[in-house]
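Engineer: Protein chains in written order, with our numbering: chain A, 1 to 331; chain B, 1001 to 1706; chain C, 2001 to 2261.
Derived by calculation from the structure, the hints in this document are not laboratory data. There may be inaccurate statements among the hints.
[Said to hold, decoys possible] For each label pair, taking beta carbons as the anchor points, the in silico distance ranges come out as: (1) B:1071 <-> C:2150: 46 to 54 Å; (2) A:136 <-> C:2151: 36 to 44 Å; (3) A:182 <-> C:2150: 25 to 33 Å; (4) B:1413 <-> C:2209: 18 to 26 Å; (5) A:289 <-> B:1586: 28 to 36 Å; (6) A:222 <-> B:1411: 36 to 44 Å; (7) C:2212 <-> B:1134: 52 to 60 Å; (8) C:2212 <-> A:60: 18 to 26 Å; (9) C:2150 <-> A:196: 39 to 47 Å; (10) B:1282 <-> C:2209: 54 to 62 Å.
All residues carry an ideal CB built from backbone N, CA and C; glycine is no exception.
Here is how the chains run, residue by residue.
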Amino acid sequence: MRPFKYTNAKDVPSALKLAAGNPNARFLAGGTNLLDLMKEDVERPDELIDITRLGLTQIKATGSGGISIGGLGRNTDAANHPLVRQHYPLLSQAILAGASGQIRNMATNGGNLLQRTRCPYFYDVAMPCNKREPGSGCGAMEGINRMHAIFGWSEKCIAVFPSDMAVALAALDAVVKITNASGEERVVDFADFHRLPGDMPEKDTNLSHGDLITSIEIPKNNLADHSYYLKVRDRASYAFALVSVAAAFEMKGNLISKVRIAMGGVAHKPWRAMKAEQMLIGKEPTEANFKLAANAEMADAKPLEHNKFKVELGSRSIVRALQMALNGGKS
Amino acid sequence: MKDKNTNVGSPVSRIDGILKVTGKADYSTDHPVKDPAYAVIFKSTIAAGKIRNIDSVAAEKSPGVLAVITHKNAPKLNTKGGIRGGAMLQSADVLFFGQHIGVVVAETFEQARHAADLVKVEYDQKEAKIDFEKLHRNGVKPKDKEDEKRGDVKVALENAAFKVEETYATPIYHHHPLEPHATIAEWQGENLILYNSAQIVNGAQNAAASTLNLKPENVRIVSPYIGGGFGSKGGQWGNLVLAAVAAKMVKRPVKLALARQQMFNSVGLRQRNYQKVSLAATKDGKLTALVHETATHAAIQDEFVEPCGDCSKIMYDTPNSLITYRVTPMNLILPTYTRGPGKSTGSFALESAMDELAYKIKMDPIEFRLKNEPEKDPSNGKPWSSRKVVECLKEGAKAFGWEKRKMEPMQNVQGNYWVGYGVACGTYPAHQRDSSAIIKLNREGSNVTAIIELAAADLGTGTYTILAQTAADALDLPINKITVRIGDSDLPPAAGSVGSVGATSYANVVNDACMKITDELIARSGKQFFARPTAAQLMVSEKIANIQTRADSKPMESAEQYSSHSFNANFAEVWVNQSTGMVRVKRFLAVTGAGKILNPKTARSQIFGGNVWGIGMALTEESVVDPRFGHFVTRSFADYHVPSNLDIGEMEAIFIKEDDKLANKLGIKGLGEVGIVGVSAAVANAVFNATGKRIRELPILPDKLL
Amino acid sequence: MNEDDQSPQLTEDEKKLFEDLMPEDLAEIIDAGVNRRHFLKLMTLTGGGMLAWQSAVAEQVLTRPLAPTPPVTFNPETIENGVNVALKINGAPQKVTVDSRMTLLDTLREKLDLTGSKKGCDHGQCGACTVILDGRRVLSCLTLAASCEGKSVKTIEGIAQGNQLHPVQTAFIKYDGFQCGFCTPGQICSAVALLDEAKNGDASYVTEDLRKKSGPAMLSKEEIRERMSGNICRCGAYPNIVAAIQEVHSGKAVEQNWLLV
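Excised from the complex, chain A in its bound form (with noise of 0.2 Å):
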């Protein structure tokens, strides 16, 4: 790790001041990854700007019926907020399937949108990784790839993103809402927000040098009695997903009429499965239908030489998932 200053702001025009003044400072909140990738050299910072007195940690209702999640407010926090439990239980279980107990306590919402990849190429230094070092070719792609993404990668990147909460997110039209540096705020839609590597696998997300997630925002919807975030990983808990699949769906009589499915662990940002949501609109929630939804949106994946698999465990995850969604999460 470098040596770097370590910066206490009070609030945030002074911490989008401080950001603003040194190209090289990064922001400091639950720190849960940033301080990882620095003790492995990935990470450079040669100033931390603590950001985690700024407030920024509340959970309430918008006046159009949706929700708003402090960007500085910790995983637990919102995974076991009564709103979000009630309405939005797809985001508590995502939240909750990830990491552990203390690194959620830990971990702020807006930094959970931050975490970097966790190929192992990227994370270590001796090894070649355009994301860490452009240029300097890609570990992963004729390397073990066996975690990598099957959708939307590019010659120059093949990483996944690691979040669940953000893959609930994505299922849930969220918007993130954004301070620059010079206190000017905007609002991202969350399929905006990340990126696919393309030629600049070096930048995750849209965000600019300065940029502070103020907070998150869903709007109000009625899929809380049909939704489920299934994960699927190499071991039973406190393990990054090989595929997730966060599904949700509402119902007009007996048909789907409206369908939230995105998945994670197959691409470098959370995968809006689009083709299996128009395939399941004002269909019937059967098996039969969930596969072919399923098998459709799977059917333009690409795959690599380890991760074939993601392929077929893809499709029986949101098969999986929409099934446990429509029985109400159980199974």
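Once you have looked at the hints, place chains B and C on chain A.
Structural biologist: Frame of chain A, contents of chains B and C only:
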């Protein structure tokens, strides 16, 4: 409060428990030491070649740095001194990725870690041998393992009514004790103190002394508490001597702890094995041939081959048998002993094949095993000192509800899960090793207390507790009057806590010491007694304030005439998610015949520990090497999945009573190793019973069951 | 398991046990900090077994400080990016000057002589460094000491109430919830905090109905397993850890069998 002599066999809670639950047990780097410097190792980033240049200027100039030690300035050490795996900065040669190539010592850990990142190394790279899949076919006979052949397996296989010929693969596994290897090295003049976890206290002392060109009496190993070892802290590795070298060079005590990521290529591993097992049987299920051929890898400079064929030599009665090994030197760190060495991996192959054959014959796998139970050791004709495989299987079947198992797979469906039952047996040799112990008795008034001293190890095995129990019974003192001092090379030399010899060797010598001191007290009294008095009584009646004696115990010569092993039968119930392929072991039962159970509470824990290891082997653990670079892609605890709490379901342990005085005086056979043997096969067999899928390559990750 | 202030009533058997097991240097032990009732409680709670008290062990427990020793005064100029931090550790106010890079874990271990918290991975992947920060379990290896200004840290050294072991500590001994003991401080801190989380009605990934809030959650074994999965135990003491937590959580002893046949 209790009858006489009932400590042994009672579920006494660990006497060191209070230290462990309050954070007061001192592991290696917990020992208070004045003004330490901190050392961080840096490692090679190629798998084969030579270091052309190390540029350490930036590191040396970095704040707080006291020294950068590389092969260019390291003192000359004895490379044949008994430190495993080399890597002690004695040459520019690089033999594997992640080899130690230098150490930075600084005022603080933060400064040392940062400076280590600043070192720039240039190499002349050579082509490395890394790809086991390609190389294993060219394996050669190991130096110390001849093919072992009985009868004619070829003919038996040709004429078999039923046979199985399959290859079973296990990946590289890592020990990963939760305490990474760590040392505080402190020089006091010519004397060196090493606070360092050691499963073999005297072995660590001798290896460190010999490597550093010191006399053993100038080196002291202090290791009262060990944060797990599982074989990786049996032999000692380069980090131990590098700590001593660093402390010498900066003239201060030095703390050197390996990072978790460094544990993958610093302290050995369990090597990848391809095991071909061929079994032949008659139509009524009598084995006629058993062939177990292991292909594995070792390091370039040194050979270690775990004995995968050991179980196959003794488990079943067959007239024809062949056990072979072929080994390929590779540019990976030297493999070493890992819990249940050879037997845990070997039993996966053998016991999977037995299950496959039983299924072909359409015979219950328990019945099939009972049918092939050997009366004496098939490998050498010796009688068993005790062998309770039949009882293990029968008691286990009863307790587990084996009768509910369906012979055909996919017949037991619970909701979205396939449920399956599996069984597999295991074994591990029982030995006693030379050990010495001093016993000291002290008396104040009528209060007699005892101190037991020996250079034994407790790596969570319960050594402190069982020795207090043993001494309490042998002296007829309450257990709280016994103090146990172990884990220090200044104490009388003792066996290591390795290969399941610890409890046997330690308890026997402590018992001998107690008997000897009682004899000496009787002799000193000059009296004749009708009934043998206890040491405590004699201390009081003869008004002796203190007395001490030393016992040096060896295995009984007669034990050589017998074949002594612990045996078990493992039962697993797995639930396999039909959608995702995720496997949960819902219930696990191990039935063990392992001689005298000194403490059922700690014994049960040890069996559970072995079982959890076996479940990890079967389902979650795997170290993956990138064949292009030779580095571990699974490079942290986030990638190498030790089972988590949720991976483990209901567990139960049953012990079959054994009174085996042929093996050793106290009839102890050891538990630490046998607990893992047969476990992964029981799980894999249960997965087959659940799904109809026979997985011959561990671990059984979800994708293998899609 | 609530503590009451009354002396426990002893059965004759317990009195005998007490006499047999109580060390001779009782007065000294009481002075040094382990009281009679605590000791008795340990013995009676350890169920089928009994807690043997090793004098050398006792000595070590009682002579090592529960609160950190006063930190060495550092000259901030010798520390790169030194940060002055005032915080509470196990109830006692502390002031330390740390290198900005120093984690809370390394500060506890290397500066404050509180070596109970362990470094198993240093990357938030094992849980051995778990401490309770402002009432919540966190990983001290991923917490910068510099960020702890004004916070309150409870480590394994401060889990016992004065000289009384916390019920979770007692249960870990009773149910043999450890072997090597290296993960144990983290397991215990985690378990202690987990009990509060259950009281708050917090959910987990295996909670059946997330929408049903809430009130204190009665945890099944499966819930305890999931909630303790951030603490890796390489020795495999999980079933015993779960039993220990279950007893304290439910107030009822948990069956723990070892059959000898």
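Engineer: So the hint says 28 to 36 Å: do the beta-carbon atoms of residue 289 of chain A and residue 1586 of chain B match that?
Structural biologist: Hint holds: Cβ distance 32 Å, inside 28 to 36 Å.
Engineer: May I ask you to test the hint 18 to 26 Å on the CB atoms belonging to residue 2212 of chain C and residue 60 of chain A?
Structural biologist: The hinted range 18 to 26 Å holds for residue 2212 of chain C and residue 60 of chain A, with Cβ atoms some 22 Å apart.
Engineer: Are residue 1282 of chain B and residue 2209 of chain C spaced within 54 to 62 Å by their CB atoms?
Structural biologist: holds, 57 Å
Engineer: At the C-beta level, are residue 182 of chain A and residue 2150 of chain C separated by a distance inside 25 to 33 Å?
Structural biologist: holds, 31 Å
Engineer: Taking 18 to 26 Å as the hint, is the beta-carbon distance of residue 1413 of chain B and residue 2209 of chain C inside that range?
Structural biologist: holds, 25 Å
Engineer: Between the beta carbons of residue 2212 of chain C and residue 1134 of chain B, is the distance compatible with 52 to 60 Å?
Structural biologist: The hinted range 52 to 60 Å holds for residue 2212 of chain C and residue 1134 of chain B, with Cβ atoms some 56 Å apart.
Engineer: Is 46 to 54 Å respected by the C-beta to C-beta distance linking residue 1071 of chain B and residue 2150 of chain C?
Structural biologist: holds, 48 Å
Engineer: Range hint 36 to 44 Å: satisfied by the CB atoms of residue 136 of chain A and residue 2151 of chain C?
Structural biologist: Since the Cβ atoms of residue 136 of chain A and residue 2151 of chain C sit about 40 Å apart, the hinted range of 36 to 44 Å holds.
Engineer: Does the beta carbon distance between residue 222 of chain A and residue 1411 of chain B stay inside 36 to 44 Å, or does it fall outside?
Structural biologist: holds, 42 Å
Engineer: Determine whether the Cβ-Cβ distance between residue 2150 of chain C and residue 196 of chain A falls within the hinted range of 39 to 47 Å.
Structural biologist: holds, 42 Å
Consistency note: the structure conflicts with none of the earlier hints.
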